[in-house]
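Produce the entire structure from the sequences given, and follow the hints as far as they go.
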Amino acid sequence: MAGHAASLTVEASKAPLGIARVAVAIDRVLGGAVEAATAALVAIEVIVLGVGVVARYCFHAPLVWSDELASILFLWLSMLGAVVALRRGEHMRMTGLVSRVPPRLRALLEVFALTASIGFLLLILPHALEYAQEESFIVTPALEISNAWRAAALPTGMALMLAAGGLRLMRSGTFWPVVLAIVLTALLMLAFWLAGPVLKPLGKLNLLVFFVGVVATNVFAGVPIAFSFALATFGYLSLTTSTPMLVMVGRLDEGMSHLILLAVPLFIFLGALIEMTGMARAMIQFLASLLGHVRGGLSYVLIGAMYLVSGISGSKIADMAAIAPVLFPEMKKRGAKPGDLLALLSATGAQTETIPPSIVLITIGSVTGVSIAALFTGGMLPALVLGAALWIVVWWRYRGEDLSQLARPTAPEILKLALVAAPAIALPFVIRAAVVEGVATATEVSTIGIAYSVVAGLLIYRRFDWRRLPHMLVETASLTGAIIFIIGCATAMAWGLTQSGFSQDLAKLMAGVPGGTWGFLGVSIVAFIILGSVLEGIPAIVLFGPLMFPIAKQVGVHEVHYAMVVIFAMGIGLFAPPFGVGYYGAAAISKINPDEGLKFIWGYLLALLLGLLLVAAVPWISIGFLNS
Amino acid sequence: ADITLKFGNNLPASHPLNIRANEAAERIARETDGRIKVDVFPNNQLGGDTDMLSQVRSGGIDIFNAGTLVIATLAPISAITGVGFAFANYDQVWSAVDGPLGNLIRAAFAKVGLHTFEKMWDNGFRQITTSNRAITGPADLARLKIRVPVSPMGIALFQALGASPTSLQFSEVYSALQTKVVDAQENPLAIVETAKLYEVQKFCSLTNHSWDGYHMVFNGRSWRNLPDNDKTIVSRAFNEAGLQQRADLRKLNETLRAQLTAKGLAFNETQPEGFQAKLREAGFYQEWQGRFGNEAWSVLEGTVGRLA
Ligand code: NA
Ligand code: NA
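As given, the protein sequences belong to chains A and B, one line each in that order. The numbering of the first sequence is my numbering, which starts it at 185 and goes up by one. The numbering of the second sequence is my numbering, which starts it at 4 and goes up by one.
Note that these hints are calculated values from the structure, not bench results. Just so it is clear, the structure is predicted and the values come from calculations on it, not from any experiment. Ideal Cβ placement from N, Cα and C applies to all residues, glycine included. Be aware that one or more of the hints could be misleading.
[Claimed, not checked] The list that follows gives simulated cross-link-like pairs (lysine-lysine, DSSO-like), each with its CA atoms no further than 27 Å apart:
1) LYS517/A <-> LYS737/A
2) LYS40/B <-> LYS384/A
3) LYS388/A <-> LYS40/B
[Said to hold, decoys possible] Covered stretches of chain A (chain B as the covering partner; in silico rule of three or more C-beta atoms under 8 Å from a C-beta of chain B):
4) 324-332
5) 724-730
[As the list claims (entries may be wrong)] Here are some, though not all, of the chain A residues that point toward chain B, as calculated from beta-carbon distances under 7 Å:
6) GLY202
7) ALA204
8) VAL208
9) GLY434
10) THR682
Now the structure itself:
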């Protein structure tokens, strides 16, 4: 995974100690076995979902167990993928600060990122075992097997992550940084444990201590994002509440096996297939021949492509996974800075949140009573407005791009490229049609794309490198593990925040803001940006939608209009660093260090914010096309 | 408050269950002079049904409204109140679940460490909505692609009726109905309304094919830790709120029919006999008699008459 600089950089030793050499050998065996298992799981997922679609659509004989099996395997895939990611140092993290400190401190922090993760795994493992044991009393509804088959993935994955982490410490070949980091980790945990009785009476202030203080400290110290969330959540729940800790494991379970997220690995794999079969090249050559002479041309294509595919998979990160491998290599070749690409990709994630059939819109409709059909209609134009805002930034940034070397292709050349690209360009339309025509659900549709790409690769483009398949499958699993594990930990964190009951207090506070309609819209924007960032998007809507929509109605804001405003605000929070899960998803997908995007994203975020203010100020954009 | 109890549920804040639960919470706070506070978390804010079930078992939450089929994954006997076309009306339902059949089920929950309040709350009889045809008898169900929540009982019921039941996450149902991945779904009317399913469906056939309700279950340890007089206060508040919620839902179902008709859903009523005959012929009742055991089955038939 070249260029994936977000990874931990505890390097294999230059002059290995004896212990390091042994660790390398063990790691190779263990790691190889886990990688083989994850590769098999990705392949099996594709087959299970594919068989499900064929049975239902072609044979009218739906398989009632395919979803459940896919969901069980998905948890295993995510947990084992997280093991692979840990072993390779591919869990997303922020290293902006770490890279600026003196070398000795840096060496310590590099190891601390690992020991802090190991610390969490040690704390949670006994509860994961207990959770799996408790779940053995549940019989799954479709397959009618013990739910321990699913839940065992959690302790297994955690134990393997512990092993992989321990082996990495040993492999590092350094001594003092490792010892110091272990001592530091142990001391910090001890200090928190001792402070427990002092913290408990602080009540809701603890939300700030843990979910702002602890999270931020960990993130900026370079601890992987997932483990930063997990440590804060574990600390908060265990020290200041009486929650049994297996609840946290349960939240990881639910957050990581949500079927909609299964689109993530499948679209990642689809993206890799498009690239491997040469479809990506054919597509990009055609697009470049059309737009190559336009400054920033491919950036416009990126925005347009996200607008088109958004809402197909039900998961933004999955949408991105299908687009980034197609566009990014060519854009980089043309001199685009990786950080700018990551920033734009993440920004389009927020921009396209209201495009139907968005799961966010359906969620809002269900928890607040607003018509989902009206939300679907209302969401199209606001997304265009924010898209236009992004276009302006792109135009500004690329206005000086030097395109003098590029020869403008002739019409026959373009036509020829179009013919070559046609089967590849048809893919997104095939996928879209499969969803619109009801062949497959949002989650399943990726299998149709995969089947199409395999056929096109074998028969049309005649490029299908079988030897690369295992590598692609493992890569998919590792990325999936890194992304889904963050989402699982964010789900647990959201539970911690929710159960505190802070939402009622905050809603009361927001309703009391002066300034009538405008004051309320303003405070809603600020609040939902923050909430979207710390609550992983949709949970923010579920928690605050029912509280805020009635107030919106009272102050005279149309519900559909208000929905658009809060969705975009939430989206900006979700896709903005340093806490937004979506931002790290985009970084993982594009294999670009999250640090690199920091410099570039503020321009896009500012544009989105201005677009959002326009959407907030002009209700017509959201409700002008509604029937009644 | 000395004790804060968390009540997690999967229904919108405006559903009668949440309105009555909030009233019960106020009453408990009043009658205990603020010693006990009940926080109500609607809308799956604390997790999906299966996870809330695991939370109420471990004590992550204290109270959970367990749907009969959800908790059947832990105590299979619970599904017996969902047997297809078993209850002819609400009188039969309440006399069964407030009486011997309910006691049998609550005893099974006690065995897995859960305390259960005596009065069940209502979710409603389940009805079928479709985009392509009204269901008037079992023949209309033939090969109908219908979304059914995954449970052995629900799936067996629709397979026995000749339909093609499909498993889909609830969050995918609206889109799946809109794009016709499936043609039909079945739920109580309140869900058809709150999930806006009428926007993507044409017909609503009042089949009353299965009754659905909620057991109010309480974490065993946290229940035992309550002082006895508080137990009485909490029980009374929840049981009486449950009775009021039953009445609310009955009224709601009447107004919903008119409301949904106005929104373009075409209603039709059906007779159970044809469906029951088809189920009998397919061996459905016999199979489930075997699964629940003769004792439980005869308690059920004691209320509703002969089924198998
Ligand atoms: Na989640
Ligand atoms: Na979407």
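Here's how the hints hold up against the structure:
{"no.": "1", "hint": "LYS517/A <-> LYS737/A", "in the structure": "violated, 51 Å"}
{"no.": "2", "hint": "LYS40/B <-> LYS384/A", "in the structure": "holds, 18 Å"}
{"no.": "3", "hint": "LYS388/A <-> LYS40/B", "in the structure": "holds, 16 Å"}
{"no.": "4", "hint": "324-332", "in the structure": "holds (count 5)"}
{"no.": "5", "hint": "724-730", "in the structure": "holds (count 3)"}
{"no.": "6", "hint": "GLY202", "in the structure": "violated, 45 Å"}
{"no.": "7", "hint": "ALA204", "in the structure": "violated, 41 Å"}
{"no.": "8", "hint": "VAL208", "in the structure": "violated, 40 Å"}
{"no.": "9", "hint": "GLY434", "in the structure": "holds, 5 Å"}
{"no.": "10", "hint": "THR682", "in the structure": "holds, 5 Å"}
Hint compliance for this structure: hints 1, 6, 7 and 8 are not met, and every other hint is.
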